[in-house]
Each structure stands twice: as structure tokens, then as C-alpha cells.
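Trainee: Please model the complete structure; the sequences and the hints are all you need to start from.
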Amino acid sequence: MRGEKMWRNRLTVEKQYNHGVIRPQIKGMSCYIRAAVCEPKITRQVRSIAGRAGMDMAGVENRIKSRDSYLEKMQRKYNPGCQGYEVKDILRYTYTAPAEELAEKVLIAMELYWKAGFHTVEIKNYWLDRQSPYKGINTTLYSPYGQIFELQYHTPESFSIKNGKMHELYEKQRPIKDMNSREYLELGNQMIKLSNAMEIPRGIERV
1 MRGEKMWRNR
11 LTVEKQYNHG
21 VIRPQIKGMS
31 CYIRAAVCEP
41 KITRQVRSIA
51 GRAGMDMAGV
61 ENRIKSRDSY
71 LEKMQRKYNP
81 GCQGYEVKDI
91 LRYTYTAPAE
101 ELAEKVLIAM
111 ELYWKAGFHT
121 VEIKNYWLDR
131 QSPYKGINTT
141 LYSPYGQIFE
151 LQYHTPESFS
161 IKNGKMHELY
171 EKQRPIKDMN
181 SREYLELGNQ
191 MIKLSNAMEI
201 PRGIERV
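Each residue of the sequence shown is one higher than the one before, counting from 1 in UniProt numbering.
Derived lysine-lysine pairs resembling DSSO-like cross-links, with alpha carbons at most 30 angstroms apart:
#	residue 1	residue 2
1	Lys105	Lys88
2	Lys193	Lys165
3	Lys165	Lys88
4	Lys65	Lys115
5	Lys193	Lys73
6	Lys172	Lys193
7	Lys65	Lys177
8	Lys41	Lys88
9	Lys177	Lys73
It should be emphasised that the hints constitute simulated quantities derived from the structure, not laboratory data.
Mentor: What follows is the structure, encoded as C-alpha cells:
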């Protein structure tokens, strides 16, 4: 009887594992493949609107998240109560414009996307968040093809710092578990100093 009970418990665990981990991964990879298929036409539209809005594109070579990076993020964020396998930034793009023009051109770009059938469903303006060392505007869009993607808006300065010194400090801080440790806090202070030294885009509160 004891052996039969252990066997049944093992089957239950295996079923839960298959449902809670493997199936979401399969669905997650289908999302990744779908994004890769949609990428060329979305990229063409993103390039077109960048030109019409008078903005530059940056980091185009990284527009598709790597498969390994995607799987790692999916596993880190997934929980059985949500569809965490639908990572929003499999496709990600960046526009840049000078600080004195950024806000105006962001609003122009958003209107152009709306007219083209792309819906901006989420806007995070980190220039208004004093607690975040990261500065930029992150948006999430749905394309007419049903594909979700991320579009960031930066000044050349904020983009350079994000991918340079800020990234280096973040990668040092991320593995530290003790958020009250001296090292963690010092790295955070260094990121805040970098952030505070950046030029704030004119009229950015309008976005």
C-alpha cells in the first residue's frame, strides 16, 4: 500500500510539473516563433514611422531578444496563475531624439502609430520617476497582426548611459540578495548620480 501511495504521489507531481512548467514553455516558444515571423514587417513599419516622426533608431541589431534570454526571462517571471510566457519585449526597438525635441516627437510618433492601426497600450515615463535611476520612456504596442512589442524613446545621452555605465552598475547590483548591504546601496547611489546628471527633456511631463 505504501509503495502504491508513493507511486501515485509521483504521478501527481509529474502531472503538476508538466502542466506548470513544460506546457507554458511550449506555449512560450510558440510566442517566440510567431514574433520572429512578424519581425520583418513590424521592423519596416517602425523604420517608416521613425523617419516620418524625425527620430533616429538605435540598437536595431538587438531588435529580437535572444532565444536563451527569452527562456530565462519567461521562467523567471512565469507563475501558474498568469500567462507569463508572453514576454512583451521579444521584439524591442528604440527611437532617439535630442532632449529639446523628444517629448514633441514621442507624441507625433504615437499618433502615427495609432493612424497605422498600432495601439499603444502601455506607457511608462521613467523621467517622472525620481526613485528610478533608469531614464527613458517605455511603451508597449499591439500591431494590426496581433503581435506585441516594446518601443523605447530616449535621448542620445540616456540611451548611451543605459547601455554603458548604468548597465555595468546594474549587472553588479543584480546578484546581491541583501538590498540593505553597503555594496548594494553604494551601487544604487552611483546609478542615481548618473541619472541626476542627465539633461531632462523639455516638456517630458506631457507624455
